[in-house]
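Dock chain X against the given chain V, drawing on the hints supplied.
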Amino acid sequence: MKKLAIVIRDDEYDKILTPLAFAYLEASEGAEVEILFVNWAVRALTEEGAKQIKVGGNHADKDAWVRERVANAGLPNDINTLLKAIKETGDVRFYACSLAANIFEVNQDNLIPEAEGIVGASWFLNEHMVNADHHQYF
Amino acid sequence: MNGEIQVTKILDTSGKCCPMPMVETNKTLKRLAEGDVLQIIATDPGTQVDIPSWCERTGNQLIASNEQENLFTYYVKKA
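Order-wise, the sequence lines are chains V and X.
The first sequence begins at 992 in the working numbering and counts up one residue at a time.
The second sequence begins at 172 in the working numbering and counts up one residue at a time.
Just chain V, same shape as in the assembly (with noise of 0.2 angstroms):
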């Protein structure tokens, strides 16, 4: 695969591991990869919001066990660490959405340094998700 487009809209912290696992296994084999940030994900791409990502719903009083099950496996077990270590294996482009941005507080000022910026919809469909050999939704 040469390029992955991803979309991640979920912010508990066990279903957006998945979508980051496969960008992580992608960019090591050296695929181009690109993530849009979308609804509450968004919040993932400022230090605070990434801190304040949770295992949800019914598994919501799991979040200390999966996180020491993820560290067992060898992953970092924060979000911000785990973006900084997908962003230094490759060619990995982190996007947050603009509506999502606008509506869950993410601006230039709070966003993380690993990310590219704040974009439109319009734009990472038509160039990335268009443009991938496979593209992912979560």
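Among the clues, some could well be false.
Stated by the list, open to error - Simulated crosslink set (SDA-like; lysine to any residue; CA at most 20 angstroms straight-line):
(1) Lys-1078/V with Met-191/X
(2) Lys-248/X with Glu-1059/V
(3) Lys-1078/V with Glu-195/X
(4) Lys-187/X with Gly-1065/V
(5) Lys-201/X with Asp-1001/V
(6) Lys-187/X with Ala-1012/V
(7) Lys-201/X with Glu-1079/V
(8) Lys-187/X with Asp-1001/V
(9) Lys-994/V with Glu-227/X
(10) Lys-198/X with Asp-1001/V
(11) Lys-1045/V with Glu-1020/V
(12) Lys-1075/V with Lys-198/X
(13) Lys-994/V with Thr-229/X
(14) Lys-187/X with Lys-994/V
(15) Lys-993/V with Lys-198/X
(16) Lys-187/X with Thr-1009/V
(17) Lys-993/V with Lys-201/X
(18) Lys-198/X with Lys-1045/V
(19) Lys-198/X with Asp-1082/V
(20) Lys-187/X with Ala-1062/V
(21) Lys-1075/V with Cys-189/X
(22) Lys-198/X with Met-992/V
(23) Lys-1006/V with Cys-188/X
(24) Lys-1042/V with Asp-1001/V
(25) Lys-201/X with Arg-1060/V
(26) Lys-1075/V with Lys-180/X
(27) Lys-994/V with Lys-198/X
(28) Lys-187/X with Arg-1060/V
(29) Lys-198/X with Glu-1059/V
(30) Lys-249/X with Glu-1020/V
(31) Lys-993/V with Glu-227/X
(32) Lys-187/X with Glu-1059/V
(33) Lys-187/X with Asn-1063/V
(34) Lys-201/X with Glu-1039/V
(35) Lys-248/X with Gly-1021/V
(36) Lys-198/X with Glu-1020/V
(37) Lys-198/X with Glu-1079/V
(38) Lys-1075/V with Thr-199/X
Bear in mind the hints are in silico, worked out from the structure with no lab data behind them.
These numbers were taken from a predicted model, which means no experiment stands behind them.
Then chain X, alone, in the frame of chain V:
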């Protein structure tokens, strides 16, 4: 088992799970030269399909593999 294989580097991913064995394999192999042999040790059963298919895809050669008591060992020659 690897008496006849000249191993250049050993990567032990024991205890780690997907995606880390593949991430670390990719990272380690990038630092090796063509013809070098990487020995990968893993406990993640997912590597039984991940590593052969990765070799097929990337052109690296899986020259041997074995499993003993849920410990998987692979020998990959860098293309």
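Now for the hints, and whether the structure bears them out:
no.	hint	in the structure
1	Lys-1078/V with Met-191/X	15 angstroms, holds
2	Lys-248/X with Glu-1059/V	34 angstroms, violated
3	Lys-1078/V with Glu-195/X	15 angstroms, holds
4	Lys-187/X with Gly-1065/V	5 angstroms, holds
5	Lys-201/X with Asp-1001/V	33 angstroms, violated
6	Lys-187/X with Ala-1012/V	13 angstroms, holds
7	Lys-201/X with Glu-1079/V	14 angstroms, holds
8	Lys-187/X with Asp-1001/V	25 angstroms, violated
9	Lys-994/V with Glu-227/X	19 angstroms, holds
10	Lys-198/X with Asp-1001/V	29 angstroms, violated
11	Lys-1045/V with Glu-1020/V	29 angstroms, violated
12	Lys-1075/V with Lys-198/X	16 angstroms, holds
13	Lys-994/V with Thr-229/X	15 angstroms, holds
14	Lys-187/X with Lys-994/V	26 angstroms, violated
15	Lys-993/V with Lys-198/X	17 angstroms, holds
16	Lys-187/X with Thr-1009/V	16 angstroms, holds
17	Lys-993/V with Lys-201/X	17 angstroms, holds
18	Lys-198/X with Lys-1045/V	29 angstroms, violated
19	Lys-198/X with Asp-1082/V	13 angstroms, holds
20	Lys-187/X with Ala-1062/V	9 angstroms, holds
21	Lys-1075/V with Cys-189/X	18 angstroms, holds
22	Lys-198/X with Met-992/V	17 angstroms, holds
23	Lys-1006/V with Cys-188/X	17 angstroms, holds
24	Lys-1042/V with Asp-1001/V	15 angstroms, holds
25	Lys-201/X with Arg-1060/V	28 angstroms, violated
26	Lys-1075/V with Lys-180/X	26 angstroms, violated
27	Lys-994/V with Lys-198/X	18 angstroms, holds
28	Lys-187/X with Arg-1060/V	10 angstroms, holds
29	Lys-198/X with Glu-1059/V	24 angstroms, violated
30	Lys-249/X with Glu-1020/V	14 angstroms, holds
31	Lys-993/V with Glu-227/X	16 angstroms, holds
32	Lys-187/X with Glu-1059/V	12 angstroms, holds
33	Lys-187/X with Asn-1063/V	7 angstroms, holds
34	Lys-201/X with Glu-1039/V	34 angstroms, violated
35	Lys-248/X with Gly-1021/V	18 angstroms, holds
36	Lys-198/X with Glu-1020/V	8 angstroms, holds
37	Lys-198/X with Glu-1079/V	11 angstroms, holds
38	Lys-1075/V with Thr-199/X	19 angstroms, holds
In summary, the structure is inconsistent with hints 2, 5, 8, 10, 11, 14, 18, 25, 26, 29 and 34 from the numbered list given earlier, while agreeing with the others.
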